[in-house]
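Those protein sequence lines, which keep their order, are chains A and B. Counting along the first sequence from 1, when you hit position 176 you're at 176 in my numbering, and nothing is skipped either side. Counting along the second sequence from 1, when you hit position 115 you're at 115 in my numbering, and nothing is skipped either side.
Hint data in this document are derived by calculation from the structure and do not stem from the laboratory. All figures in this text were calculated on a predicted structure; none of them were measured in a lab. Check the hints yourself; a few may be wrong.
Label pairs and their calculated CB-CB ranges [claimed, not checked]:
| id | chain 1 | residue 1 | chain 2 | residue 2 | range |
| --- | --- | --- | --- | --- | --- |
| 1 | A | Glu178 | B | Lys107 | 14 to 24 Å |
| 2 | B | Lys107 | A | Arg147 | 31 to 41 Å |
| 3 | A | Ser192 | B | His37 | 28 to 38 Å |
| 4 | B | Lys122 | A | Phe32 | 31 to 41 Å |
| 5 | A | Asp142 | B | Met51 | 47 to 57 Å |
| 6 | A | Ser7 | B | Thr83 | 24 to 34 Å |
| 7 | B | Lys74 | A | Pro103 | 42 to 52 Å |
| 8 | A | Ile6 | B | Gln70 | 43 to 53 Å |
| 9 | B | Glu93 | A | Trp39 | 42 to 52 Å |
| 10 | A | Pro36 | B | Leu44 | 45 to 55 Å |
Every residue gets a Cβ at the ideal spot worked out from N, C-alpha and C, and that includes glycine.
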Amino acid sequence: MKLSNISSIHSLSSPLPLQISKDALELLQTKFNIGPELWDLTSTFGNKPLGAAAAEGAMRVQQGPNGIQGISFLSSGGPLLFTVTNRLSESSYRFTFPVTGGPGRWTIRQAGIFHRQDTKNLQNLWVFFHAGRGTAMEKELDAFASRSHVNLSTDTSWFTLHQIALTSCLGGWRSYVEHLGNKVDKYVSLQSARICETL
Amino acid sequence: MNGTNRSHQFGGTLSFIDGSINNTTKGQGDGNLADIHDTRNRLLDLPSRLMTTLDTLQKLEAVSRAFSSQQGNKENDFGKLATSALYYKEHLEPLVKGVDIIKEKVKDTLNMVIGPFIPDHKRRT
């Protein structure tokens, strides 16, 4: 039997605490035997994204808390090589990304994704931490959950759910950088004009 | 905490952000300078955030390729995700350099407007 557990947990906005209590998070952790990475994923929710944490949150593919060897990470200075050594793998990552609220209005949001995959009995556990109700991520997750996916293959759920994270979190980066670039260019032009006036 | 309070606080946060952005349109002395400082602060951690995201995309691509190669059929969705992760990686990579260029512009302009930062102990009295 193919089974996917999908938990979608959100807060109204990143600057406010994630709407999940410590007890509930512990319950989730205990019930599904998840390691400390669940705390790492959620540690920065509840505050504005901190500059000091800017380098945190990259994807981890790691041993589970019960000694499961998922995927070996063989990096020896060359290309990244992964070898699937067992039937279970766990991965987690956090995106911090710009979201627009209208012309010229941007804010930074966060989303955390945890995924456990059992390639033998085709069971999946997905946990999504994200900011706000009605976000692009929540809508796409709802749409996915509402479809019948009893017969969904493992590779299709892998593609669909990671793809939801990519499309809903990464689409705003280019426009945001362009927005900041335009602001700076306008300021530079203004200052140059002022200096010319004083000469 | 009820929904009304949450909405109120959220609105307050947005107002704060809007306020700093609106300074641009005022175009007046200190407001403008404060705005460019705000932009500079926003730019500071972007390269690290982008690099972290690129790291994730690279790993996601590699893991997906590994799973894809295990599948009997050549066309599978693990491969599709690997292709998608690669697309986003190539989409975001140029932005790291772009942010660096914008940061340099801000630095040069601030030096021009307020002068370079000189520590007190090195200032001539």
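A quick look at each hint next to the structure:
no. : hint                            : verdict
1   : A:Glu178 / B:Lys107: 14 to 24 Å : holds, 19 Å
2   : B:Lys107 / A:Arg147: 31 to 41 Å : violated, 50 Å
3   : A:Ser192 / B:His37: 28 to 38 Å  : violated, 19 Å
4   : B:Lys122 / A:Phe32: 31 to 41 Å  : violated, 58 Å
5   : A:Asp142 / B:Met51: 47 to 57 Å  : violated, 32 Å
6   : A:Ser7 / B:Thr83: 24 to 34 Å    : holds, 27 Å
7   : B:Lys74 / A:Pro103: 42 to 52 Å  : holds, 45 Å
8   : A:Ile6 / B:Gln70: 43 to 53 Å    : violated, 24 Å
9   : B:Glu93 / A:Trp39: 42 to 52 Å   : violated, 30 Å
10  : A:Pro36 / B:Leu44: 45 to 55 Å   : violated, 29 Å
Taken one by one, the earlier hints fail for this structure at numbers 2, 3, 4, 5, 8, 9, 10, listed in ascending order.
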